[in-house]
Structure formats: structure tokens, C-alpha cells
Amino acid sequence: MTSPLDQKLKIAGPVVVTANRLTDGAVIYRRADGGWTTVLDAAAVTTSAAVAQEHLAAANIDRLRAVGAYVAPVKVATDGRLRPGNLREFIRSTGPTTIDPRDPL
Amino acid sequence: MYLYDELDRTLVAERVAEFRDQVARRLSGELSEDEFKPLRLMNGVYLQLHAYMLRIAIPYGTLSSDQLRMLAHVARRYDRGYGHFTTRQNIQFHWIKLAELPEAMADLAGAGLHGMQTSGNNVRNITTDQWAGVAPDEIEDPRVWAELIRQHLTLHPEFSFMPRKFKIAVGASRHDRAALRIHDLALRLLRNGAGETGFEVMVGGGLGRTPFLAKTIKPFLHKRDVLSYVEAVLRTYNQFGRRDNIWKARIKILVHDLGAEAFAKEVEAEWRAIKDGPLALDPAVFAEIAGRFRYPAYERLDDNPPALGEARRADRRFDGWMGNAVANHRIPGYAIVTLSLKPQGGTPGDASAEQMEAIADLADRYSYGEIRVGHEQNLVLPHVAQRDLAALWRALDAIGVATPNVGLISDIISCPGLDYCSLANARSIPVAQEIAARFRNLDLARDLGRLHINISGCINACGHHHVGHIGILGVEKNGEEFYQITLGGKADEDAKLGALIGPAVPFAQVADVVEDIAAAYLELRARPDELFVDTVKRTGIEPFKERVYATR
Numbered sequence: 001m002t003s004p005l006d007q008k009l010k011i012a013g014p015v016v017v018t019a020n021r022l023t024d025g026a027v028i029y030r031r032a033d034g035g036w037t038t039v040l041d042a043a044a045v046t047t048s049a050a051v052a053q054e055h056l057a058a059a060n061i062d063r064l065r066a067v068g069a070y071v072a073p074v075k076v077a078t079d080g081r082l083r084p085g086n087l088r089e090f091i092r093s094t095g096p097t098t099i100d101p102r103d104p105l
Numbered sequence: 001m002y003l004y005d006e007l008d009r010t011l012v013a014e015r016v017a018e019f020r021d022q023v024a025r026r027l028s029g030e031l032s033e034d035e036f037k038p039l040r041l042m043n044g045v046y047l048q049l050h051a052y053m054l055r056i057a058i059p060y061g062t063l064s065s066d067q068l069r070m071l072a073h074v075a076r077r078y079d080r081g082y083g084h085f086t087t088r089q090n091i092q093f094h095w096i097k098l099a100e101l102p103e104a105m106a107d108l109a110g111a112g113l114h115g116m117q118t119s120g121n122n123v124r125n126i127t128t129d130q131w132a133g134v135a136p137d138e139i140e141d142p143r144v145w146a147e148l149i150r151q152h153l154t155l156h157p158e159f160s161f162m163p164r165k166f167k168i169a170v171g172a173s174r175h176d177r178a179a180l181r182i183h184d185l186a187l188r189l190l191r192n193g194a195g196e197t198g199f200e201v202m203v204g205g206g207l208g209r210t211p212f213l214a215k216t217i218k219p220f221l222h223k224r225d226v227l228s229y230v231e232a233v234l235r236t237y238n239q240f241g242r243r244d245n246i247w248k249a250r251i252k253i254l255v256h257d258l259g260a261e262a263f264a265k266e267v268e269a270e271w272r273a274i275k276d277g278p279l280a281l282d283p284a285v286f287a288e289i290a291g292r293f294r295y296p297a298y299e300r301l302d303d304n305p306p307a308l309g310e311a312r313r314a315d316r317r318f319d320g321w322m323g324n325a326v327a328n329h330r331i332p333g334y335a336i337v338t339l340s341l342k343p344q345g346g347t348p349g350d351a352s353a354e355q356m357e358a359i360a361d362l363a364d365r366y367s368y369g370e371i372r373v374g375h376e377q378n379l380v381l382p383h384v385a386q387r388d389l390a391a392l393w394r395a396l397d398a399i400g401v402a403t404p405n406v407g408l409i410s411d412i413i414s415c416p417g418l419d420y421c422s423l424a425n426a427r428s429i430p431v432a433q434e435i436a437a438r439f440r441n442l443d444l445a446r447d448l449g450r451l452h453i454n455i456s457g458c459i460n461a462c463g464h465h466h467v468g469h470i471g472i473l474g475v476e477k478n479g480e481e482f483y484q485i486t487l488g489g490k491a492d493e494d495a496k497l498g499a500l501i502g503p504a505v506p507f508a509q510v511a512d513v514v515e516d517i518a519a520a521y522l523e524l525r526a527r528p529d530e531l532f533v534d535t536v537k538r539t540g541i542e543p544f545k546e547r548v549y550a551t552r
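Going down the list, the sequences are from chains A and B. At position 40 of the first sequence (counting the first as 1) the number is 40 in the working numbering, and the numbers step up by one without a gap. At position 96 of the second sequence (counting the first as 1) the number is 96 in the working numbering, and the numbers step up by one without a gap.
Source of the hints: derived by calculation from the structure; they are not laboratory data. Be a bit skeptical, because a hint or two may be false.
Residues of chain A clear of chain B, computed beta-carbon distances all greater than 10 Å [claimed, not checked]: (1) Lys8; (2) Ile11; (3) Pro14; (4) Asp33; (5) Gly34; (6) Gly35; (7) Ala50; (8) Gln53; (9) Ala57; (10) Ala58; (11) Asn86; (12) Arg92; (13) Gly95.
Think about it this way: if two alpha-carbon atoms lie no more than 25 Å apart in a straight line, the pair counts; the simulated DSS-like pairs of lysine-lysine are [what the hints assert, rightly or not]: (14) B:Lys165 - B:Lys215; (15) B:Lys248 - B:Lys215; (16) B:Lys496 - B:Lys215; (17) B:Lys223 - B:Lys265; (18) B:Lys477 - A:Lys10; (19) A:Lys75 - B:Lys477.
On a predicted model such as this, the values are computed, not experimentally measured, just so you know. Glycine included, each C-beta is placed from N, C-alpha and C at the ideal position.
If we strip away everything but chain A, and leave its shape as in the complex, we get (with noise of 0.2 Å):
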């Protein structure tokens, strides 16, 4: 049987490896350097369904510092900034679009 890690990834597009921290479950994104980083825009970017099968493998071993990588879809703005490219991801990225319930009522 083939492992999930050895099964071809599909991809439609650039994306990023991304997973939880493990100490506080914060949205990390891998950097190229193999650290991980809070902000989309310095993480590392592929478009070779390959190179983030790489990436995620990678990411997979790293066990002290990320939780439940997985491979996410973003999109490269004009200005070659990295956007979120679903709704999840956005909402991962910039937190909860709901009404800040520590503003005053």
C-alpha cells in the first residue's frame, strides 16, 4: 500500500506548505530555508507539484515544531506578494472575520 507521503500531489497553481505550531497551534507557513515563518509572504513558493512534495516531506519530519502540515493553494499578487488562495487559508492567515467581541458592546 502506498503511504499518503508517497502519493502523487496534485497542484493547480502556486502553493506553500503550511501547518499549527506546535507550542501554540499558530499558522506557520515553511520558509525556503526550512524554518517556518508566521507571514504567507516569506514563505517558500512552488509551482512543481514535485518540489512540494519535497517541501511537505520535509515539513512532516519536523515534528517539535510543526503540527498537520499540509499543502496550501495561494496566490501571487501583481505586486509578487503571496495572497491566501481560498477562503481557509485567508481566514488562517488573517484570523477570525468575525466582529472583534473585545470591542466594547
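We have chain A already, so just place chain B on it with the hints.
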């Protein structure tokens, strides 16, 4: 209030120590995530979109003021200053750090609070009517029975790894405020023809992908048999429930596939073998549990003190709140007060640390130190002297929990949805906030009368959308949020699943659709006091469907 004994305190303290060690081993790398995940889930710790989430059980929805202060402390010290009350009498903290969880749990344990069995395939927090012990139409306090069952099933080894989670509710009133029929197992206290008190036993309810209402498998169960019968149900489920398919693993699927009658026969066979054993109710044990519930030393007071009438006449806002949030109490001169956690612009079910502390202080001053949590995601002060209502209202109004919308269209039940939850497909809270904004005119909301909106951000149905008078289910279509609308659901003693009115509508149109439905109701209702859900029952969904889709 129920007073925990040394056994409870020891058990919770031991669990905290165990979890502290597990967290340390995870952080050091000794435990992998695969090894750690089931351990954290046993303590109510999930990993959500942005952070860890800690779910704390509030057994049968009863909190002391000190416990509420502790929840406020955890919200402020370890979270972002607020907590979220859920549809199952739990509270969730959505921004907890793993490294700080053991400390948070130790603090909670000091107040008798914990997250055990708030996750995993075990018996979850046992819920009841938030008016338990004070409702005028109640046969007896169902919390004593819930506590008996809780004690028996806490860390019960045989029922810690069932096919799937198992939710139990206990009710004792003619009017069902505990949503009994949507539970895996529900017990309703009632009197039989001979005047004896016992339980109606219902099994196989549940929402999610395949919704079913629970079916009565035993119309009358004697009290002495309650533990043995519950155990027989759990054993039957444990033996025959499916473990091969998570979507077919709940007891509702088993009861549906076997048929309620065949399922009941299996339960009866199991029950006959154990009913006269050690699980037969020992009156001394029951009396000991009942004796640990403390009831207020109520004063002898008259209903409707003259000053209350004067205050109502003097202040229209107070009068409006009285007519909405205050209910009759079984003791003369007292009232049950619901605190709306659905303020204009707020998140349904959220309370800030400051609100929790203020409510705890008000509970001490006006409600014998006791607070309740209801499945509608509101709080209750259960023992308020009617003479204190005006002063209490001013204090509640000052902290934003006196919006007189209880049971009205803006009293929306909502799951956290895609803003927080890793399972969700669509957002729930912003939909609720937009609908509440459209109906912020309380005169309109009052004219619409009792109208329950329930919103879920995915098919798992934590917002109980199937039983909303208007149910809203978020789905994802090609990367966009769409919402299915159902009408006519009910979660009370006349429980019913809502009917889908047609194709899902996009996020931006949901509030428009609700406005169309409300407008159609105002035209269709036979008389001003015909409730929305009764109009839907009388007319069917067609006229609403026509109204909603005529221009879409």
C-alpha cells in the same frame, strides 16, 4: 449546586498531573503527534485553525459563581479574554497555548472544572434543562439523575472506546428545554398511570450528515433500573455499532438499520441479565448524591411585589426585558432570568472575562451564587427574587447581557464555523451577525415572535440547524460559501426536522433570504399569535419557497 467530594477532586487532580506529563513529553519530542493526539483529545484539547481549543464540561449546565470566575480567569490569563458557550452546555476557549494548557487545567481543577470526556468516542457531558430544579412544570430535579449517570460513566473503561461519541440528556418537564430527541440517549422523567415516577427512554437521535430524532424504546422505566438500562443501551451499541465507517458509527444509524423494535429487544435481553445486579439503584447511594445538591434557603415572598409593577410601568425598556427574559419560578416571589449572550453585533454564545466576573458577582448578590448554561448558548440566573429584578436588570444591561431577544429571531444558535473550526466548510458567526443586524429593531423581532434560527458551518451540525425553525447550513461549492435553508424544524417535545426549501444561496444573500421568509410569515400567519413554526406546519414550505426563489 452539586458539591464535589474528595474522590472527584482527586480524580481531576490526577488527570491534570497525567496531562502535564504528556504535554512535556510531546514538547520534548518523546511523543509524536500521532501518539499525543488521542491523549489531548481525552482532555478536550483540539487543534483548530489558528490555535488549540480547550473544551470544558459544565455538567448539567450548572455553574457556581466561583467556577464562572475561574472561567473568566482562564479566559484572561490563557486565552484572549473571552470564552464561547456551546450548544451542549460546555465552554470553549479558542486561543489556548499547548505549553500553558497544564497550568490552565490545574487552575480549572481548583474549581472542579475539567475537559474529560468533552471529546473522543466516549459518553460526553450529560446535559439537562437549564431550568432544572426551578421550573414550575418539573416533576423533580433531573440533575440528580444526570449526576448519578455522570459518576457511573466517568472514565468507565468499557465505554471509553465506543464506535463513536455518545451524548446523553435528561429532562423532567412537560416542555422539553433540553432538546432530548436529538440525543443518542435521552431520559425524560414522567409519572405513569399509577402515579409512580420513572423514565421514558429514547435512543438514536442525532443530527449531522444523517439526522434522526430519537425513538422511544421504553415508555416507562422504573428509577431503580436507570443505571442498568443505560448500561444495556451502551453495551448493545458497543457490540453492534459500526466501527468501519465513521459516518455510520453513531447509534442513530444502528437504531435505524436494526429498527427501534429490534434494537429495543437487544437492549432488553442485555438488561435482563444485569438489572438485578450491582447496578440496581441503591437508595442510599442516590440519597447521598441528592444530598450533595444544595438548594437555596428561599425567603417566603409573594409573587408580583407592587414595586415591580411600578418599575415596569416607569421604564418601557425594563418592561420589555421583563416580558422577554424573565420566567416563572416554582417558588413564589422568585423568577428565572435568562441572560442573552446574543447582543447586537456580538458572537452568539461568547462572553468576555469582564462579563463573566460581573455575572458571577450578580449571581452572588441575586441568585444564591448559581448560574446555568443553556443549549441555546445563553446563561440563566435561576433564583432571583422578583423584588430584585429591576436592580438586576440595570446591572445586566450595563454589561451587555440584557438584550430582550430571548427566543426571538436574533437569539441565534450558531457554531463557531469556518472562523475557528477546522472541520467547517463555511462561516456561521458572520451570518448570524448580519441576520441579527437586519432584525435589530426589537419591535419587529417581537412582532415575529418566537423564531429560532440555527446555523451550522458544516454537516456535523453543531449549530443544530436541522431543528431550527429556520435552519441554515453552510456548504462549500467551488471554493465559495453557500447556505442551504430549512424550515419547520423544532427541538422541543414536538421535535421535528426541518425541510429544505431549495437550492443553496450564496453568503451575501442569506440575510436577504431570512428577511423574505420573515416577510412571508407576516403575510401568511392566520393570526398575530400563530407562531412562525406553526404557520410553516400549516402551510407547508411551498409559499416560503415561492417567496424566496421568486426573484432568485
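Hints versus structure:
1. Lys8: 22 Å, holds
2. Ile11: The claim stands: isoleucine 11 of chain A keeps its Cβ more than 10 Å from every Cβ of chain B (closest is about 15 Å).
3. Pro14: For proline 14 of chain A, whose nearest Cβ neighbour in chain B is about 15 Å away, the distance exceeds 10 Å, so it holds.
4. Asp33: Holds: least Cβ distance 21 Å, greater than 10 Å.
5. Gly34: 17 Å, holds
6. Gly35: Answer for glycine 35 of chain A: holds, closest chain B Cβ roughly 17 Å.
7. Ala50: For alanine 50 of chain A, whose nearest Cβ neighbour in chain B is about 25 Å away, the distance exceeds 10 Å, so it holds.
8. Gln53: Holds, since 20 Å exceeds 10 Å.
9. Ala57: 16 Å, holds
10. Ala58: Fine: 16 Å to the nearest Cβ keeps alanine 58 of chain A off the interface.
11. Asn86: Since the minimum Cβ distance to chain B is about 5 Å, asparagine 86 of chain A lies within 10 Å and the statement is violated.
12. Arg92: 5 Å, violated
13. Gly95: 7 Å, violated
14. B:Lys165 - B:Lys215: Holds, at about 18 Å.
15. B:Lys248 - B:Lys215: 18 Å, holds
16. B:Lys496 - B:Lys215: Given pair lysine 496 of chain B, lysine 215 of chain B holds - Cα atoms ~12 Å apart, limit 25 Å.
17. B:Lys223 - B:Lys265: The given pair, whose Cα atoms are some 20 Å apart, holds under the 25 Å limit.
18. B:Lys477 - A:Lys10: Holds, at about 19 Å.
19. A:Lys75 - B:Lys477: Holds, at roughly 19 Å.
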